[in-house]
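Peer 1: Assemble the whole structure, with the sequences as input and the hints as a guide.
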Amino acid sequence: MNRPTLKLEKRLAPSPVMVFIIPLISVLLALLLGGIFLSLTGQNPLAVYAIMFTDSLGSKYGFTETIVKAIPLSLTALGVAVAFKMKLWNIGAEGQLYMGAMGASWLPLTYPALPVYLMIPGMVVLGMIAGGLWAFLTAIPRAIWKVNEIITTLMLNYVAILWVDFLVFGPWRDPLGSNFPITAPFPEAARLPEMFNSRIHAGLFFALALAVILTIVFKYSRWGYSINVIGSSERAASYAGMNIKRNILWVMFLSGAISGLAGMAEVSGIIGRLQHGISPGYGYTAIIVAWLSKLNPLAILIVSVLFGALQVGGYAAQVEGVPAAVATMLQGMILFFVLGGEVLTNYRVVLVRQKGEELRK
Amino acid sequence: MSIQEFLIPLLAAAVIAGTPILYAALGELITERAGIINLGVEGMMLMGAVSGFMAAVSTSNPWIGLLAAMLAGGSLAFVHAFLTITLRANQVVTGLALTIFGTGFSGYLGKAYIGIPVSKPFTATPLGPLADIPFIGPVFFQQDVLVYISYVLVIVIWYFLYHTRTGLNLRALGENPAAMDALGINVFRLRYIYVVIGGMLGGVGGAYLSLAYAPSWLENMTAGRGWIAVALVIFALWNPWRALMGAYLFGGIDALGFRLQVLGVQVSPFFLKMLPYLFTVLILVVVVARRKGRLATPGALGLPYDREER
Amino acid sequence: MNQVIVQLQGIVKKFPGVLANDHVDLDIYAGEIHAILGENGSGKSTLMSVLAGLYKPDEGKILVNGVEKKFRSPRDAIDSGIGMVHQHFKLVEPFTVAENITLGEKQTIFGLSGKKLKASINELGKKYGLEINLNAKVWQLSVGEKQRVEIVRMLYRGSQVLILDEPTAVLTPQEAAELFRNLHRMASAGCAVVLITHKLNEVKAVADRVTVLRQGKLVGVLQKDQINPKEMVRLMVGRPVTMQYDRELAVAGEVLLELDKVNAFNDMGLPCLRDLSLTVREGEILGLAGVSGNGQRELAEVIAGLRRVESGKILLNDRNISNLSPCEIIDLGVAYVPEDRLGMGLVPELNAMENLILKSYRQPEFSGRWFLKPQAIKQNAEALISQYQVNVTSLTQPVKVLSGGNLQKLLLAREISSSPKLMVVIYPARGLDIGATEAVHKLLLKLKIRKTAILLISEDLDELFRLADRIGVVYSGQLTGDFPVEQADLEEVGLLMTGAHSARERVNDNEPAHT
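Going line by line, the protein sequences match chains H, W and P. Note that this note's numbering has the first sequence beginning at 9, numbered continuously upward. Note that this note's numbering has the second sequence beginning at 7, numbered continuously upward. Note that this note's numbering has the third sequence beginning at 8, numbered continuously upward.
For the record, the hints were derived by calculation from the structure and aren't laboratory data. Check the hints yourself; a few may be wrong.
As the list claims (entries may be wrong) - Mimicking SDA-like on lysine to any residue, the simulated pairs with C-alpha atoms at most 20 Å apart in a straight line are:
#: 1; chain 1: P; residue 1: K428; chain 2: P; residue 2: S367
#: 2; chain 1: H; residue 1: K227; chain 2: P; residue 2: N387
#: 3; chain 1: P; residue 1: K21; chain 2: W; residue 2: D312
#: 4; chain 1: P; residue 1: K144; chain 2: W; residue 2: A302
#: 5; chain 1: H; residue 1: K302; chain 2: P; residue 2: E356
#: 6; chain 1: W; residue 1: K279; chain 2: H; residue 2: P179
#: 7; chain 1: P; residue 1: K407; chain 2: H; residue 2: E17
#: 8; chain 1: P; residue 1: K453; chain 2: P; residue 2: S393
Said to hold, decoys possible - One-sided and incomplete, this derived list gives chain P residues near chain W with beta-carbon spacing under 10 Å:
#: 9; residue: S80
#: 10; residue: P81
#: 11; residue: R82
#: 12; residue: A84
#: 13; residue: M91
#: 14; residue: F102
#: 15; residue: G111
#: 16; residue: F117
Glycine included, each C-beta is placed from N, C-alpha and C at the ideal position.
Peer 2: Encoded structure:
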């Protein structure tokens, strides 16, 4: 019994250093492991990563495309973060995005002649209400009967996507669209203006503004404080007189509304119409982004750019014959490493020798 | 078409459609009875489906495919076990990560296999005299081997859980791991084992899709069945028989939607496809609301076990 | 007869930030009842957990029957004949008694061998006078019965040494007496019984020897004839302590709180309060005795608005507050210090400043219409912490790192500073050492002087007799006794706690306290 063993020892307080280092190391480790997978399947990881990097962050076009992807990603992640702060596991951001896109699309398709100062705000409002209501539907059973929101929000994702399909294959289909599942293109007034001579659109401001607003709300507002308490300890919150049911309903609505806004921004700023497949899974990636950012809105902006780059890089890697799914794979791995690494913020690894001497690791 | 001509094929199809969900649900049931939530079922099913497919195509042997699927599902589950049991990570988010990773990785691996046929899928093998029993015969006993195995599995798991010592220990593990620990039972090791078993069964469920149900490989072919399986465990109240009934109920809804389309019923195919998901939500709400949240949830589900917690 | 079974030599056990056992030596003899006495934090539970195989010692040796043993898990300890009954029962509630007893064992209760097994367990129970119903489901049993199941479980596994951790914490005086009789019987049959406790009267009643621990160190071993309370306290605390407070009995004030035939259901949907009536006056402490599980927690919850009142009335200053929201009740001046300090009363992940405004954050001094006022919140925290002498190293650290005593002080600081008209407090000194207990009691007495009505719910009869002006007993959801403290008799209160009625019982007594 002379072999030293590793033991996990609980820390008295979470280590602040680890909170920063772990995400960084996780990304590196994920890239490493991903590289190993790539070479095992016959690819040259360095070549692949090189293309992914240069085509996402290393070129003007690539960089703007990264931002384009980061906009809906950060918006949905912000929405997800709002819910997660109260330990409401809203997995339905994808569906809420679709519903928001649908709600926003209704306006230009029904009243194409509206002037821009009515159209855009109208689309924003409708998009947010649609997304919010979609989340609200799951909030009701959760608030009243404690029905698990993970499953309900997730199921509604599939329903939302099918609903949009129904619309674009059916009643909303563009008669001039050669039978593709797309609506008529939106009028100019319904399009978010482009900026910087690229596809980056005014949705960028939505994301930036929301990140700032949410930071202030979480840290300094009364509501933010009560959300914090409820998310931390529901029992203490009801003991203190906070109305938990009402907060669940409002928070889920807000969460869905923000994702709905992301949907609006996508169809208005990028796609220009409603169609099948408006999101490559932003709602799901948003969960990873939110968790990695520890629900901090400003961090979410940064991580969204990283993941946007991953996505753009993934598309670029297809040139090398690597399926675009490599991006999702890397995202999953980063999250694994972060989750595993989180243990180090709360526990210390300790080397114990036989005599009970301890070496810190 | 007479009622019989409609009903029997529908019920038989319900069994087929429900089998992948059943496997996955049985696996998750075991995992949750041990006290761990694994939301990575969707990812494990997809990894099982793609691995099984790749192995079966390469070796022209579906059984090798099955083995590969179990290995894939089990390995992914092992990662979950390591993160949540040893490293005490949040079980919900870890499971989600597993699903996202499994979805992506399976898509990555399976790219080259889209459109390739499987030479020897699992096909229907009538079970002798049992297959000739009117009504029950064609529904239950003219299926493929994996379906028959699933029947046996339900019985085995039921007996194991409620009539054996190890099964008793498993139920206790999810209720009060501290009690088991105080009696000297290795909580960590047992939980690892049950999580991996759950993953293996999830892999089989996915393999059923690619090797029997379809049979083929398509990216994301589970279409949320893994999640339905998770929901099913809840409203089966962690009981294998109820899981069986629930799985076939869902299979029925799935099959019904398809058949209504064929019959020319004037409902948009999209609404028909929505049925299983809406149904899941509805049943979940009804079951939980009726029991006012006092489900038979294993007492320690979702909580990491830490002996030296002070 | 008196042969040594277990020897602990030089045991050292460390946890992050604390040295729980500091080179402790201990001998346990066959057939003796050996008490381990110490305050909370003295290391007695840790030491016994090491012996029971739950913790591995950092240094030191364990010898069983002369042979050195290394326990890698409780299994090894049990196989060596050492069994422990914990304070928080390690029973699986939905299972039957038989299932719980055979849990983790090779022989099972299923099938044909099961019947023989059940017969042998019943034999065992009879031998020690421990009656249990093998087919009952554990969640239906009373606390005393559950404890018996735990004991039988250990005996069934062949324990020669039975360790009991604070066993009387959840028993009535009568049940405790019965437990001690059983322990004597086990000891005469050769079993060694180790009793972990902080109650002096228990040690006096039943122990053959007592080992006293203080702050992780062994400070004394007393033989039966050397046992006396003063000496034990001196060893436990390190200084002489009287524990008698200067207090005046309450002068009759207005009735502040009145419960009139209140009925309520518990979490299982069963009635837990049955036509319960009581009154509390301004400046008076009404102490309610009772074994945990007779409706005390639910009583506090209906008053605080956290549980539905099915019928009956709760009046605060003649105003009906039944079924008002917790928020409204807090605003009416009702403070509540729950037994669950860190899960309910305080939010573990938040820091002291955030916890101190938990109920008052909506008030204008701490927040505007939308935003909090951080400066005011910080100053409030600093003031309260210094006033109540809460030992907090940093205002921004999560409060879960605080000790039990400081948590309670923080909680009381918040509740008392809201100048409540009524305070409901449950088990205030549970788990606290003598110093913290003293501080908490003095705070309650000061509050009484400020004319607050106090409803004190406790299992500790000493505490009640020391603080209360009137004593009541809660049994099965009803008030079964209510008398001024000078007229209260310890034994009678104990009887009422078990449900037996006494000649002097006065139910639903609404007469004012005697002058």
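Peer 1: Work down the list of hints and note, for each, if the structure agrees.
Peer 2: Tested hints:
no.	hint	result
1	P:K428 with P:S367	holds (16 Å)
2	H:K227 with P:N387	holds (19 Å)
3	P:K21 with W:D312	holds (17 Å)
4	P:K144 with W:A302	holds (15 Å)
5	H:K302 with P:E356	holds (15 Å)
6	W:K279 with H:P179	holds (18 Å)
7	P:K407 with H:E17	holds (17 Å)
8	P:K453 with P:S393	holds (17 Å)
9	S80	holds (5 Å)
10	P81	holds (4 Å)
11	R82	holds (2 Å)
12	A84	holds (8 Å)
13	M91	holds (7 Å)
14	F102	holds (7 Å)
15	G111	holds (4 Å)
16	F117	holds (5 Å)
When the structure is compared with the earlier hints, no violation turns up for any of them.
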